[in-house]
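There are 2 protein chains.
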Amino acid sequence: MPLKERVHDWLKQHRKDGISLLQNLVRVPSTAGNESGVQRIVAEWLRDTGFDVEAWEPDGGKLAAHPYFYSPRDRFEGSPNVVGVLRGTGGGRSLLLNGHADVVPEGDLGQWRHHPYGGEVSPEEGRLYGRGASDMKGGTASLLLAVRALRDLGVRLRGDVILQSVIEEESGGAGTLDAILRGYRADAALIPEPTNMRIFPKQQGSMWFRITVRGRSAHGGTRYEGVSAIEKSMAVIHHVRELEAARNARVRDPLYAGNPIPLPINIGVIAGGNWPSSVPDTVKLEGRIGVGPEESLEQAQAEMAAWLARLGENDPWFALFPLVLEWFGARWVPGSVDPAHELVRVLSGHYRDVLAKEPAIEASPWGTDGGLLTRLADTPCVVFGPGLTQMAHFPDEHIELDRMFEVAEIVALTIAEWCGIEEDLAR
Amino acid sequence: MPLKERVHDWLKQHRKDGISLLQNLVRVPSTAGNESGVQRIVAEWLRDTGFDVEAWEPDGGKLAAHPYFYSPRDRFEGSPNVVGVLRGTGGGRSLLLNGHADVVPEGDLGQWRHHPYGGEVSPEEGRLYGRGASDMKGGTASLLLAVRALRDLGVRLRGDVILQSVIEEESGGAGTLDAILRGYRADAALIPEPTNMRIFPKQQGSMWFRITVRGRSAHGGTRYEGVSAIEKSMAVIHHVRELEAARNARVRDPLYAGNPIPLPINIGVIAGGNWPSSVPDTVKLEGRIGVGPEESLEQAQAEMAAWLARLGENDPWFALFPLVLEWFGARWVPGSVDPAHELVRVLSGHYRDVLAKEPAIEASPWGTDGGLLTRLADTPCVVFGPGLTQMAHFPDEHIELDRMFEVAEIVALTIAEWCGIEEDLAR
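In order, the protein sequence lines correspond to chains X and C.
When the letters of the first sequence are read in order and numbered with full-length UniProt numbering, they come out as residues 1 to 427.
When the letters of the second sequence are read in order and numbered with full-length UniProt numbering, they come out as residues 1 to 427.
Be a bit skeptical, because a hint or two may be false.
Take a look, some chain C residues computed to stay more than 12 Å from chain X by CB distance [stated by the list, open to error]:
#1 15
#2 220
#3 221
#4 241
#5 250
#6 286
Computed beta-carbon distance windows for the label pairs [unchecked claim]:
#7 C:340 with X:326: 27 to 37 Å
#8 X:294 with C:396: 49 to 59 Å
#9 X:324 with C:296: 22 to 32 Å
#10 X:302 with C:67: 53 to 63 Å
#11 C:246 with X:67: 20 to 30 Å
#12 C:249 with X:67: 19 to 29 Å
#13 C:242 with X:309: 50 to 60 Å
#14 C:282 with X:312: 41 to 51 Å
#15 C:225 with X:125: 48 to 58 Å
#16 C:345 with X:210: 20 to 30 Å
Derived from the structure by calculation, the hints contain no laboratory data.
This structure is a prediction, so every number in the text was calculated from the model and none was measured.
Even glycine gets a Cβ: it sits at the ideal position worked out from N, Cα and C.
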């Protein structure tokens, strides 16, 4: 029987186990700082699957010096990375599989109909509910099922498989960064973030910025004696929109063809003034700028700084009181892999075989740890996963269970072809 | 010797006492809740000047039911109102003199070059520095000097003089409201708020509003899937500007002739969103609307509500998610006295006599407790004081001491003419 059918049958037989696995993962509220329970489950699964497993707590002091490090914390006690390595028999290509163990907080419980850490299954809907079901414990479960299936089916791989369950993806990638600095890399990588089954050879990076807009205070009854930082910030927001338009006018990549704003600049927070009847003298804007797959963070920073400086050309106020632009908080490095890359070809081929349709191959509208792998670890990374993009970070996050098993099947076959198998045993 | 010269000489001789009085008042940090020290000084001064003095703590429970009550607190223990009454010999008109004892907080100490509660005098500048020097302990000192001068000069008044030192003006007038409810009223009133020596027969009222603008959240990387409450709030701010223009286009009052925006709408606070890479789903705007001297608070509220509702006509978003308009916090009742009113004539006459120039007669760009007196107590109130409008509520607040003594002189002569004096004794 061909491997495809054997993997398919194995997954069918182990559907209950797969759902239990995801339930166990979702039932651990693994927000930043609370990942150890999930990591124990992953480590045990990997050991039982024949992987050599290493778990370690990243050294925040060492990481802090790295230009790509960002995390709200610098101590990771109790927050281990877990990496399992399955040595190949030799002569094959290595593949790095990466999932993150951390989830974003559940937010306002009142907005959930299903308990965020209940792992509740709705058989009619074919869904499993819970924080992290889509982002991205469902994707990690696909990986774990794929490697277990290959082991159970006696498949012996030629190349190494490195399976990482990392911390801190949601806050900027410190877990994957530390795994890279520890030496983990491979001939290619796959991250099953929630892509709605789309294949992303390219990923947008992003950074957070803060713009401080100055005004001049006055009593609201004589507001004409002051300069409202709120009104000035309206001009700034308009100017930032024009920067977004200019940046996107340059985007020619067909992978962004269907995207109305490939590289958005989002202003997410505004805060200014402190008294209803005073003219506000300061407004702070905080936002996120998308960075193109082939662009560097530094290029985007320089362009934005130069653009904002131009405001002073038309309004002397901004020449007197220039905007203050800061880069703070999280940043995600962009990544770009040639859509003709061999891993995209292999993955697409099995997608077609398993689902009998063409995969959507696009560039992602958001960053993942894949940028770090591609740019820093010389490990070309493709993102493809079963989760629902639109449910990530939202109340009633869930995953469609069929997708999780489909990705497990596609990934198992991709591993086999990419790493190569000892043919005599695979048949 | 005419009274004018006698008052003038008395003030010259008592210049040091007057400065000491203001110093003593300024050295008490009489922010809301801490007025008792100032009130003791005022009460003692009034008793020593022959006034019958009453001090009482307003009953917050009783006040709370009044439609014009606003205060951040509803208990006034330790915060007495002080009222002194000097009974006239009969046959004259009564005059109510009102000053507030409370000051706004000093704010950031680092922005002061002079200690806010030091009462420091700069002889070269002729200034006294400190929180409240202009707003309005300097004005209250003018009143206290005026009545003391008349007493010392043996002037016997025909009408009653009622001198009030009230609490809670800065937060919305609860002190004056309580004095009105206690029965204090007169044939006219004068409040020496910091008007830069201008005479205000009309006063603008004002209210605080809060507008809540709705958006729809989305990930910043796909911001086109959401609706930014920040962008929607820009349309709201623009729309509010148009309301301000429409309201001011109706203002024909010559007292507002020199004012670029007689009835401003100030947006003082903006706050929205909570995550740089999310599309913000809520923005709150807080501001102050100026209410015309002849307008009612309710008219202005209704006009603004109707105007905001019209946003939905051009943008269906606002029809789906109408703005929420709330009236919260402080409100100051507007007041209007005919510029030909007898008190304005008397006051202007002595202004001319003392300063040898024409007074500026205008409508105020902000509210005072005078609106309550005019509208609620049937006591036409004129505002005229020595303080510097532009220093009120600011670091390094100060007063020009000459102005304080000039106002004392003008007020003393105004009291004498308004209330009438026993001529045989006044000469």
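For this session: Tell me, in ascending order, the numbers of any earlier hints that this structure violates.
Result: 2, 3, 4, 6, 7, 9, 11, 12, 13, 14, 15, 16
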